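> Given next are the chains, with one letter for each unit.
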Amino acid sequence: MSQTNYISKVVSDAHAALDGLEDNMTVMFGGFGLCGIPENSIAAIRDKGTTGITCISNNAGVDDFGLGLLLQTRQIKKMIASYVGENDEFERQMLSGELKVDLVPQGTLAERCRAAGAGIPAFFTPAGYGTEVAEGKEVRVFNGKPHILEHAFDAPFAFVKAWKGDKAGNLIFKGTARNFNPMMAMAGKITVAEVEELVEVGELDPNDIHVPGIFVQRIFQGTDYEKRIEQRTVRAKS
Amino acid sequence: MSQTNYISKVVSDAHAALDGLEDNMTVMFGGFGLCGIPENSIAAIRDKGTTGITCISNNAGVDDFGLGLLLQTRQIKKMIASYVGENDEFERQMLSGELKVDLVPQGTLAERCRAAGAGIPAFFTPAGYGTEVAEGKEVRVFNGKPHILEHAFDAPFAFVKAWKGDKAGNLIFKGTARNFNPMMAMAGKITVAEVEELVEVGELDPNDIHVPGIFVQRIFQGTDYEKRIEQRTVRAKS
Amino acid sequence: MGLSKDQIAQRIAQELRDGWYVNLGIGIPTLVANHIPEGINIEFQSENGILGMGPFPVEGEEDADLINAGKQTITAMPGASFFSSATSFAMIRGQHVQLTVLGAMEVSDGGDIANWKIPGKMVKGMGGAMDLVASAENIIVAMQHTNRRGESKLLSACSLPLTGVACVKKVVTDLAVLEIDPDRGFVLLERAPGVSVEEIQEKTAGRLVVEGDVPEMML
Amino acid sequence: MGLSKDQIAQRIAQELRDGWYVNLGIGIPTLVANHIPEGINIEFQSENGILGMGPFPVEGEEDADLINAGKQTITAMPGASFFSSATSFAMIRGQHVQLTVLGAMEVSDGGDIANWKIPGKMVKGMGGAMDLVASAENIIVAMQHTNRRGESKLLSACSLPLTGVACVKKVVTDLAVLEIDPDRGFVLLERAPGVSVEEIQEKTAGRLVVEGDVPEMML
Numbered sequence: 001m002s003q004t005n006y007i008s009k010v011v012s013d014a015h016a017a018l019d020g021l022e023d024n025m026t027v028m029f030g031g032f033g034l035c036g037i038p039e040n041s042i043a044a045i046r047d048k049g050t051t052g053i054t055c056i057s058n059n060a061g062v063d064d065f066g067l068g069l070l071l072q073t074r075q076i077k078k079m080i081a082s083y084v085g086e087n088d089e090f091e092r093q094m095l096s097g098e099l100k101v102d103l104v105p106q107g108t109l110a111e112r113c114r115a116a117g118a119g120i121p122a123f124f125t126p127a128g129y130g131t132e133v134a135e136g137k138e139v140r141v142f143n144g145k146p147h148i149l150e151h152a153f154d155a156p157f158a159f160v161k162a163w164k165g166d167k168a169g170n171l172i173f174k175g176t177a178r179n180f181n182p183m184m185a186m187a188g189k190i191t192v193a194e195v196e197e198l199v200e201v202g203e204l205d206p207n208d209i210h211v212p213g214i215f216v217q218r219i220f221q222g223t224d225y226e227k228r229i230e231q232r233t234v235r236a237k238s
Numbered sequence: 239m240s241q242t243n244y245i246s247k248v249v250s251d252a253h254a255a256l257d258g259l260e261d262n263m264t265v266m267f268g269g270f271g272l273c274g275i276p277e278n279s280i281a282a283i284r285d286k287g288t289t290g291i292t293c294i295s296n297n298a299g300v301d302d303f304g305l306g307l308l309l310q311t312r313q314i315k316k317m318i319a320s321y322v323g324e325n326d327e328f329e330r331q332m333l334s335g336e337l338k339v340d341l342v343p344q345g346t347l348a349e350r351c352r353a354a355g356a357g358i359p360a361f362f363t364p365a366g367y368g369t370e371v372a373e374g375k376e377v378r379v380f381n382g383k384p385h386i387l388e389h390a391f392d393a394p395f396a397f398v399k400a401w402k403g404d405k406a407g408n409l410i411f412k413g414t415a416r417n418f419n420p421m422m423a424m425a426g427k428i429t430v431a432e433v434e435e436l437v438e439v440g441e442l443d444p445n446d447i448h449v450p451g452i453f454v455q456r457i458f459q460g461t462d463y464e465k466r467i468e469q470r471t472v473r474a475k476s
Numbered sequence: 477m478g479l480s481k482d483q484i485a486q487r488i489a490q491e492l493r494d495g496w497y498v499n500l501g502i503g504i505p506t507l508v509a510n511h512i513p514e515g516i517n518i519e520f521q522s523e524n525g526i527l528g529m530g531p532f533p534v535e536g537e538e539d540a541d542l543i544n545a546g547k548q549t550i551t552a553m554p555g556a557s558f559f560s561s562a563t564s565f566a567m568i569r570g571q572h573v574q575l576t577v578l579g580a581m582e583v584s585d586g587g588d589i590a591n592w593k594i595p596g597k598m599v600k601g602m603g604g605a606m607d608l609v610a611s612a613e614n615i616i617v618a619m620q621h622t623n624r625r626g627e628s629k630l631l632s633a634c635s636l637p638l639t640g641v642a643c644v645k646k647v648v649t650d651l652a653v654l655e656i657d658p659d660r661g662f663v664l665l666e667r668a669p670g671v672s673v674e675e676i677q678e679k680t681a682g683r684l685v686v687e688g689d690v691p692e693m694m695l
Numbered sequence: 696m697g698l699s700k701d702q703i704a705q706r707i708a709q710e711l712r713d714g715w716y717v718n719l720g721i722g723i724p725t726l727v728a729n730h731i732p733e734g735i736n737i738e739f740q741s742e743n744g745i746l747g748m749g750p751f752p753v754e755g756e757e758d759a760d761l762i763n764a765g766k767q768t769i770t771a772m773p774g775a776s777f778f779s780s781a782t783s784f785a786m787i788r789g790q791h792v793q794l795t796v797l798g799a800m801e802v803s804d805g806g807d808i809a810n811w812k813i814p815g816k817m818v819k820g821m822g823g824a825m826d827l828v829a830s831a832e833n834i835i836v837a838m839q840h841t842n843r844r845g846e847s848k849l850l851s852a853c854s855l856p857l858t859g860v861a862c863v864k865k866v867v868t869d870l871a872v873l874e875i876d877p878d879r880g881f882v883l884l885e886r887a888p889g890v891s892v893e894e895i896q897e898k899t900a901g902r903l904v905v906e907g908d909v910p911e912m913m914l
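Chains as they are written, first to last, in this note's numbering: chain A, 1 to 238; chain B, 239 to 476; chain C, 477 to 695; chain D, 696 to 914.
Hints are computed from structural coordinates only; laboratory data are not their basis.
Possibly wrong hints are sitting among the right ones.
[Stated by the list, open to error] In silico contact screen, one side only, chain D against chain B (beta carbon under 10 angstroms); selected entries: (1) Glu754; (2) Lys812; (3) Met821.
All values derive from a computational prediction rather than experimental measurement.
Backbone N, C-alpha and C define an ideal beta-carbon position, used for all residues, glycine too.
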């Protein structure tokens, strides 16, 4: 134990970051589509062979990238997501009953993650009222409008990806790669952050931090980011 | 209507920003102690003479500064706050019954503001369970721990203060002057932001914005900031 | 004949008002951004975490860290901001976004909408649609008046699983502009150029209210 | 006799563990920061929105935009971050802060705490105390064993309005270190140098458990 006057979260690499990850755990993954996903951690989990994973993630990746990699290897038992549309293997496993799927409205998904991190066990939202999402849930009217009660998630592990991070675990994201990462970082009992650039403490402006280090238990410098683009759309030069 | 491709929120000054503020409204004020308070807006409200205000603010200022200015002039009817300890006039008015006071735990206050801005009408929190704060409130046990149901605030007006802002209403705060300002900006139907430096659109990095302009209806360049320090504490040079 | 997809978007763009924040869904709604009227300042919100979304990038300037909710590469306008999904849906749920435009499979004359699930078919998920329709004060649906089998998509009650109830305010199709009055049904406001009231009546299964002369759209 | 305020803080500092985030209340708890043991890395959280709080500034470097929850001017350590009150209490309520140290007027042998209100006196408010005590997994109370009238502050039940119920884990006073076992009461762990078990028994109104030889504190 050396005197650093900050709490170091640095681990050597993605494999070291998985310490304690066991079969049949619930695991959160940041990202929206293939944007801002923890590429290194996903690859490491595939290599480790952890099975029976209940994934909480907005999407399920594509066939050969993102969480699709863990679907190929049948490491995922259940998927909690808002949209899972771009993955043939996902569809096959779901239709065959191998994969359980729980679809959650995207805003509710985001808020249930934040709630988990913020110690809010449950909250009311109008999203999904009158639909099958509301089945079995408590309904209450506020200001004349019906709302349903939604509960915080429980996540022993969360994997997030940031643009920059420092050794104390502070994170900064770039563009729309932020998405679900901050709330999932808050929600994870053990949150693993991989970053494109790991810097010394003091290099990041404390005003610019998107996720304070208290929400991050392990951080490592990622490598070989592919950052695949799902829908490359361009306009003509004018 | 000129084509700017952003939505301009600029008003000329604090007085113009008060358009529509009427007697007996509920009004939020950002700040913690005297740190990050909307000095210009408070002065303008005093000059305008609006009365019967229900204030939602973490603190009540000191006798001759901050919300204390509106207490001196008896413009405040009710105070919703977590701590009101540094104000003799406040004490006098409260003991005489002129001023109603509703004390709310600080974290609950912050979350009720955020909830108002986020369309969450109510949420459960453990804070205050078993105390007089919980009286008359619904109690429910989650994970073996009792929680109480708290409701979002309703605020026709919110006044906040930022370090920098652009014409589209995007805000950036400095240090601990952020405090309650972001959630109150979210909560106000009409949110007025005063800033130490008003810049052109495009000058602020979109990654660094603490409050997106959608939460701000009016912004103006503040003047003559006093930024008074409540407890000046120093250490010896070593 | 009815409107092209781009013309539907063009007509919807006439509903835009200066100073509105707008969320556009995938498909026809996305095209609305190409038709902002002169002198109207709008900021587009995409629920994956951007306000002030700009057009697609020119080739070579695509950024994997800058996409919209349809996962398309985009750009950011001056004055843009990035934020988390929780903050993004705080904007939506908190009714800070003035207009939501989205597609639908079915709309009922009470304003219910179904646009996420067809029983027996692969379900892709509702994404942010349920949050959007449950929260937005002003929802315009952009869709074809009939489905591929020629059946009306404007019904007395949706047959598909719902996305939201009593939320749609207006529908713009290839044939008509209709306002939803929950007490009376689809109120016909405008016809597409060359489309008759009779054709719209024929292709509308839900209650349709026709009052006086129904003008043609101005495009 | 007993400990000085600074010695109480010194004893509490022995409870710190490497890697803990710690929230210190006003008064004696603030002094704990001066006694961090060698080789222990701690980050201090202040609920008004800073993690990585440093010592008071040297004269001339005070910044009105940089204060702690006691409204005192402070500094930020390398690795610090600033955030909103909502995020700050998300940390607290979400149990990301490992230790909370705060003062009290009364503590019960079941772990209840009263520290915000005296009936008949001006009420200043609970500030963040109710959130802190309702959420923290590890709460240490720093206080004098008796009040100014010599009455015990360690009771079988609090007489003052509560701040929180069954939440205090440990109490460090000028006379003793006590752990709270809700089933048995205050378990006496250590005596202040020169203070007898008898004196502690006499000044503790709540249930007190004395087991075997009670060691003196090591300061």
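> Now look at each hint and say whether the structure bears it out.
Going through the hints against the structure:
1. The beta carbon of Glu754 (chain D) comes within 5 angstroms of a beta carbon in chain B, closer than 10 angstroms, and the hint placing it at the interface holds.
2. Given hint, Lys812 (chain D) at the interface with chain B, holds; its Cβ is 8 angstroms from that chain's nearest Cβ, closer than 10 angstroms.
3. Annotation: interface hint on Met821 (chain D) holds; nearest CB of chain B at approximately 6 angstroms, less than 10 angstroms.
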